[in-house]
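Given the sequences, and given the hints that come with them, work out the whole structure.
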Amino acid sequence: MTTTATTATTAPPASTDLLVRAQHFYAHQMQHLDAGRFEEYAATFTEDGEFQHSPGVDPARTRPGIVRELVDFHRRFDGDPVQRRHWFNHMALEHQEDGTVRSTVYALVVTVRPGGKPDVAPSCLVHDTLVDGPEGIRLKSRRITHDQQF
Amino acid sequence: MTTTATTATTAPPASTDLLVRAQHFYAHQMQHLDAGRFEEYAATFTEDGEFQHSPGVDPARTRPGIVRELVDFHRRFDGDPVQRRHWFNHMALEHQEDGTVRSTVYALVVTVRPGGKPDVAPSCLVHDTLVDGPEGIRLKSRRITHDQQF
Amino acid sequence: MTTTATTATTAPPASTDLLVRAQHFYAHQMQHLDAGRFEEYAATFTEDGEFQHSPGVDPARTRPGIVRELVDFHRRFDGDPVQRRHWFNHMALEHQEDGTVRSTVYALVVTVRPGGKPDVAPSCLVHDTLVDGPEGIRLKSRRITHDQQF
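So the protein sequences, as listed, match chains X, B and Y. Position one of the first sequence corresponds to residue 1 (our numbering), numbered consecutively onward. Position one of the second sequence corresponds to residue 1 (our numbering), numbered consecutively onward. Position one of the third sequence corresponds to residue 1 (our numbering), numbered consecutively onward.
In short, the hints are calculated from the structure, not lab data. As the structure is a prediction and not an experimental result, all values here were calculated from the model. Glycine included, each C-beta is placed from N, C-alpha and C at the ideal position. Be aware that a few hints might be false.
[As the list claims (entries may be wrong)] In the DSSO-like style, the derived pairs of lysine-lysine whose C-alpha atoms are separated by at most 27 angstroms in a straight line are:
#: 1; chain 1: Y; residue 1: Lys-117; chain 2: X; residue 2: Lys-117
#: 2; chain 1: X; residue 1: Lys-117; chain 2: B; residue 2: Lys-117
#: 3; chain 1: Y; residue 1: Lys-140; chain 2: B; residue 2: Lys-117
[To be verified] Pair ranges (Cβ atoms, derived):
#: 4; chain 1: Y; residue 1: Gly-99; chain 2: B; residue 2: Pro-55; range: 40 to 50 angstroms
#: 5; chain 1: X; residue 1: Asp-58; chain 2: B; residue 2: Gly-99; range: 12 to 22 angstroms
#: 6; chain 1: Y; residue 1: Gly-56; chain 2: X; residue 2: Pro-64; range: 56 to 66 angstroms
#: 7; chain 1: Y; residue 1: Val-109; chain 2: B; residue 2: Asp-58; range: 32 to 42 angstroms
#: 8; chain 1: B; residue 1: Ile-144; chain 2: X; residue 2: Ile-144; range: 23 to 33 angstroms
#: 9; chain 1: Y; residue 1: His-95; chain 2: B; residue 2: Gly-115; range: 28 to 38 angstroms
#: 10; chain 1: B; residue 1: His-53; chain 2: Y; residue 2: Val-109; range: 26 to 36 angstroms
#: 11; chain 1: Y; residue 1: Arg-68; chain 2: X; residue 2: Asp-58; range: 43 to 53 angstroms
#: 12; chain 1: X; residue 1: Gly-36; chain 2: B; residue 2: Arg-75; range: 21 to 31 angstroms
#: 13; chain 1: Y; residue 1: Thr-145; chain 2: X; residue 2: Ser-15; range: 26 to 36 angstroms
#: 14; chain 1: Y; residue 1: Glu-94; chain 2: B; residue 2: Ser-15; range: 17 to 27 angstroms
#: 15; chain 1: X; residue 1: Gly-79; chain 2: Y; residue 2: Thr-145; range: 39 to 49 angstroms
#: 16; chain 1: B; residue 1: Gly-56; chain 2: X; residue 2: Asp-98; range: 21 to 31 angstroms
#: 17; chain 1: X; residue 1: Asp-17; chain 2: B; residue 2: Pro-55; range: 35 to 45 angstroms
Quick look at the structure:
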């Protein structure tokens, strides 16, 4: 019991300042993505950042590579008027020994079409590695796993 | 690339203190609304606050005006036992040159009836203008857009 | 009008530090629960903590009692591959005269099965009593009410 309690106590060592900035970083980042501002989304990654949005596909690398991947991915919505909203919840941060921060976040994709009702799917887990440098928080890598696949 | 990165860096200048207080402000405000405490909800606006809950309708103005609008709007639920919950996500703040703070927030309305399942609709965008004065945060204006209309 | 405004102002006196730590506490706590780490979940309660997850059932008491309750409850999912995600929103804190902190939070349970779509139900209200001691935040009691029952 003591051991378990200690684990729970030592697990979340992130400063409140980092926690709040990370949350706000995500708010702007995902509003960029859902508004189709792919350059701005890619700019939230480090220069050599990696982004794997689906299991089993190769991650996109570097900011130009991430923009290309997003443009390619969104071709499926050409001529399909759709508004997607990526919701996040329960952001949990953990400092890593190499100075990066691991961030694990719940995600739900909400998809809306004109006159329709929101489609709430899929449910995902976001596995991020953050770096907090002089220019603020940046994503070193993002990997998404899907709750429907297990 | 440098330009884009700079944009991303300079966009979110809000202090962590304001971010946390704004989030908590919303928590209390929306719990007031969903509990039918319309006076308390209206009191989160400035004296001359404006509230437009649906596109195309005139905004309600002043606290008494907002209370009247909410009472009117909720008449549609007379005799209909319903619990609504307004969920918020990805609050993004931006300081404006006039000293106010623009807040853009995702919203989903969750509607529940006895024995039923939650109905998750509509998906909205909340466009708020906040002022942070001696009595704390107040809403100068709120305008809601609906993702289903585009 | 003045009275109402004052009420709204004095209601949320929690420090930004406590607000951020409470939010992060919930993130880790619920990720523990949804991953089936019941010992870690129970360790987020005080030694004499109480947990009532459904109205009308007796609350589980003490950490070992909470673990037993969770193991019992999850037997219903034996042989049923299911991933549940408890989403939280609008955490509102209020200091109590006895030094504890009352926390009222919206919750939605998202249930996913392989190849299926997320089931978003039920909608709940979480009524927590937090204590903030030398080892950090702990739950003195948690009581869940269901929006479908009213």
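List of violated hint numbers, smallest to largest: 3, 5, 12, 16
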